[in-house]
Structure formats: structure tokens, C-alpha cells
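Chemist: Taken in sequence, the protein lines are chains H and G.
Whatever position you read off the first sequence (first residue = 1), add 296 for our numbering.
Whatever position you read off the second sequence (first residue = 1), add 1313 for our numbering.
Honestly, the hints are just simulated from the structure, not real lab data.
Yeah, the Cβ is synthetic: ideal placement off N, Cα and C, and Gly gets one too.
Just to be clear, a hint being listed does not mean it is correct.
Far from chain H, some chain G residues (derived; all Cβ distances over 12 angstroms) [to be verified]:
1. 1323
2. 1331
3. 1370
4. 1375
5. 1377
6. 1378
7. 1383
8. 1385
9. 1389
10. 1404
11. 1405
12. 1411
In the BS3-like style, the derived pairs of lysine-lysine whose C-alpha atoms are separated by at most 30 angstroms in a straight line are [to be verified]:
13. 339/H <-> 361/H
14. 1360/G <-> 1381/G
15. 1381/G <-> 372/H
16. 1360/G <-> 339/H
17. 1360/G <-> 1420/G
18. 1420/G <-> 372/H
19. 1420/G <-> 339/H
20. 372/H <-> 361/H
21. 361/H <-> 1360/G
22. 1420/G <-> 1381/G
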Amino acid sequence: EVQLVESGGGLVQPGGSLRLSCAASGFTFSTYSWNWVRQAPGKGLEWVSYISTSSGTMYYAESVKGRFTISRDNAKNSLYLQMNSPRAEDTAVYYCARMSSGSWFVNWYFDLWGRGTLVTVSS
Amino acid sequence: QSVLTQPPSVSGAPGQRVPISCTGSSSNIGAGYDVHWYQQVPGAAPKLLIYGNSNRPSGVPDRFSGSKSGTSASLAITGLQADDEGDYYCQSYDSSLSAWVFGGGTKLTV
């Protein structure tokens, strides 16, 4: 069965740190690029970060650049998001999302989503 | 303020057809980039509904269709059913932001 399970969410203080994980099963994790997408309470979807198959390329939304770090471990079929210096506006459900492939990256889309993990940034 | 603009809400009776629009600009949809659509039912994760402007993944009923023209795209749902209720999001790429972007979402009430 194809499955994505996020974990690591919870309450974190502003300026603290938190590491999110996403465990994949039921398909070949290493052959796909991956993303984190978040959804603030009652709000829409926001792309956060991207990582290529071999971890050679990473992209970040301006809102998290310099504070969050995406990584992956193909041997463990896992994706990670290290959140440093979180702010109240980072409060959201964080989804890991598999990226489609194709010749032109601008046309890629998110073809498989996990159920998400809630991160609350508050003192 | 989302880069892609969607109506906040739409509604329709069972069996009817409803369109959901997604309006962008020359740095995203108007640049020729594909538009994709996602469905999010209450309490669940988003699910891919339409990719590459008008293609349906396996398992998505043909009641759902997508189109694109100029700087806009549209999702049409025919034969509305009660379990179609939820939020619908369009997505594309924006070259000015160098980011994959979503519309603000449209809440469908049946």
C-alpha cells in the first residue's frame, strides 16, 4: 500500500527548533523528488520547500529561506524538514508531497500527499 | 493575497454543473505553465484531481474536467454529488517568485 506518514509536529516556542519527518512506503522513494507544503489554520496551501532525488538541488519559499532546511535519506525512505527559529506565522499543518516528473520543472505537480502534522509556534 | 485568484465559494444543487475559475498573470498561467487542481475534503489531505490543465489521474471520475486559456484556467464539475463538498485549489508555477504557487482555494457547497 502506498503511504506517507508525517511526524514530529507539536508545540514549539518562537526561536526554538523542530524536526519534521515523513516516512514513505509502498513505492520506490528514491526515484522521486519531494516537497513540504503547509496550510495555516483555516487558510490555503503554501509550498515551502523542494528537494531533488539525489539531494543535489533544494529550493525554498522566501518566507522560510535561511530558517528551514529540507533533507532526505533514501536508505530510510524518509524526508525531513528542520525548522529553526520558527515564528508564529509558521503555525500550520505540514504535508509532505511527492513531486511529479517531466522535462520542464515549471509544469510539475504534487501527485501524492501525506495526512500532515500540525506545528504550533507559541510561547 | 494569493498569486492565483479563485472565488472564495461556489454552490450548486445535486446533479448540477459548477465551474471554478483560477486567474493568474503573465508570470504564471499566462507564461504557458500548466495548471493543476486539487480537492481537499474536510479533515483530509489534498488529493490531485486534474494535472496538466485537463488530465485526470486514474480513479478520478470524468465528471471533473479542466481547461486553460490565456491567463486563466477553469475546473468544471458536472453531476454534482454531496461528497464533492470541500475545498478546491489550483496550482501552477510563478517565474517572478521562482516558486510553485496555489490559488486561495474555493469552497464548494452542494
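Chemist: Now tell me, hint by hint, if it's right for this structure.
Modeler: Here is how each hint holds up against the structure:
1. 1323: holds, 15 angstroms
2. 1331: Correct as stated: the minimum Cβ-Cβ distance to chain H is 19 angstroms, above 12 angstroms.
3. 1370: Non-interface label fails for residue 1370/G: nearest chain H Cβ at 7 angstroms, not farther than 12 angstroms.
4. 1375: With a cut-off of 12 angstroms, residue 1375/G remains clear of chain H, as the shortest Cβ separation is near 19 angstroms.
5. 1377: holds, 15 angstroms
6. 1378: holds, 17 angstroms
7. 1383: Holds, since 17 angstroms exceeds 12 angstroms.
8. 1385: Consistent with the label, residue 1385/G stays out of reach of chain H, its closest Cβ about 17 angstroms off (over 12 angstroms).
9. 1389: holds, 19 angstroms
10. 1404: violated, 6 angstroms
11. 1405: Contrary to the label, residue 1405/G does not stay out of reach of chain H, its closest Cβ about 8 angstroms off (not over 12 angstroms).
12. 1411: Given that some Cβ of chain H is not farther than 12 angstroms from that of residue 1411/G, nearest at about 7 angstroms, it is violated.
13. 339/H <-> 361/H: The given pair, whose Cα atoms are some 21 angstroms apart, holds under the 30 angstroms limit.
14. 1360/G <-> 1381/G: holds, 20 angstroms
15. 1381/G <-> 372/H: violated, 40 angstroms
16. 1360/G <-> 339/H: The hint holds at about 17 angstroms.
17. 1360/G <-> 1420/G: holds, 15 angstroms
18. 1420/G <-> 372/H: violated, 38 angstroms
19. 1420/G <-> 339/H: Holds, at roughly 11 angstroms.
20. 372/H <-> 361/H: holds, 26 angstroms
21. 361/H <-> 1360/G: Answer holds: residue 361/H to residue 1360/G is near 27 angstroms, not above 30 angstroms.
22. 1420/G <-> 1381/G: holds, 20 angstroms
Consistency with the previously given hints fails for numbers 3, 10, 11, 12, 15, 18, ordered from lowest to highest.
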